[in-house]
Amino acid sequence: MKHILAFLLVAFFSFPAQAEPGIDRYSPMGDRTAAFQKRIYSNELKTVIFNYYFLGPKEIDKTAKYPLIVVLHGRSGHAYGAYKLAEEILINQMPAFVVVPVMEEFVNDWTQPLFKAQDAALPKPIDHVVALTKRLAANLPIDSSRLYVTGYSMGGVGTYGALHFYPGLFAAAIPICGGWYPKDAASFVSTPLWAFHGDADKSVPVKETINIIGAIRKKGGTPEMTIYPGVGHNSWEEAYNEPQLWTWLFLHAKKTP
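Going by our numbering, the sequence shown wraps up at 443, each residue one higher than the last.
Please keep in mind that the hints were generated in silico from the structure rather than gathered at the bench.
Treat each hint with caution, since some may be false.
Derived BS3-like pairs: lysine-lysine, alpha-carbon spacing no greater than 30 angstroms straight-line [what the hints assert, rightly or not]:
(1) Lys-369 to Lys-405
(2) Lys-244 to Lys-369
(3) Lys-320 to Lys-440
Pair ranges (Cβ atoms, derived) [claimed, not checked]:
(4) Lys-320 to Ala-386: 35 to 45 angstroms
(5) Leu-276 to Lys-369: 35 to 45 angstroms
(6) Glu-274 to Arg-225: 13 to 23 angstroms
In this text, a Cβ means the ideal position worked out from N, Cα and C, and glycines have one as well.
Kindly produce the complete structure, drawing on both the sequences and the hints.
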């Protein structure tokens with residue numbers, strides 16, 4: 187357990203990420219990528235720059251504020267969660283914003299210090315994702331009490347990392363086939379979680395989800411967990427098609443002081 191993130195890093199390099207043909211960093215949502223606005227994030231020092239994709243409600247009520255879902259892609263750049271959210275927003279007219287930050291291929295972990303030489307204040311990719319999230323929330327009709335984060339594989343680890351390093355920012359989270367250090371379980375007690383994994387996952391073993399969820403429960407948390415029998419690493423296909431997933435997510439709002 188001491189080396190869970192190191193193990194996951196090895197796993198990401200050892201096993202090819204499963205994605206549909208044509209889905210990569212240049213088309214993270216496949217044939218629905220075109221529905222998103224492609225934008226560029228730059229920190230103040232202009233030492234960290236990356237693309238991100240953005241989608242909002244078809245019609246915006248100027249008197250209303252909307253939730254924002256941050257979708258963290260896997261190592262391949264695949265963002266199936268955003269693909270499904272586009273369907274909900276565009277077809278079912280679910281009122282929400284979605285942001286999909288896209289890292290370069292050298293970024294193989296959202297939560298490790300990779301930008302330290304250029305930007306000591308915000309050394310981790312997840313730091314810049316949070317900076318982007320806060321920037322969007324400050325400039326758009328976004329409900330800051332309803333910020334959510336989700337991702338699979340590398341993005342699943344990043345989802346836990348977002349909660350650990352930025353406690354209290356996100357109202358709920360959906361980590362899929364990821365994991366985190368059980369010793370940090372107290373970081374997740376107050377945030378509603380619904381974690382998913384396939385028990386036949388050969389890239390990230392299912393025990394990584396079972397162990398962290400078990401540790402959170404021992405600390406008094408009440409996270410949800412769904413394990414799919416016979417499903418491999420691509421458990422995101424099952425998870426993001428759960429009928430009540432987005433309804434569950436939007437039920438949660440961060441409590442204000």
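Quick rundown of the hints versus the structure:
A distance of roughly 10 angstroms separates the Cα atoms of Lys-369 and Lys-405; the hinted pair therefore holds under the 30 angstroms criterion. Among the hinted pairs, Lys-244 with Lys-369 is inconsistent with the structure: their alpha-carbon atoms are about 43 angstroms apart, more than 30 angstroms. A C-alpha spacing of about 15 angstroms is found between Lys-320 and Lys-440, which places the hinted pair at or below 30 angstroms, so the restraint holds. Judged by the Cβ atoms, the range 35 to 45 angstroms given for Lys-320 and Ala-386 holds: they are separated by roughly 38 angstroms.
Judged by the Cβ atoms, the range 35 to 45 angstroms given for Leu-276 and Lys-369 holds: they are separated by roughly 42 angstroms. For the hinted restraint 13 to 23 angstroms between Glu-274 and Arg-225, the CB-CB distance of approximately 21 angstroms keeps it satisfied.
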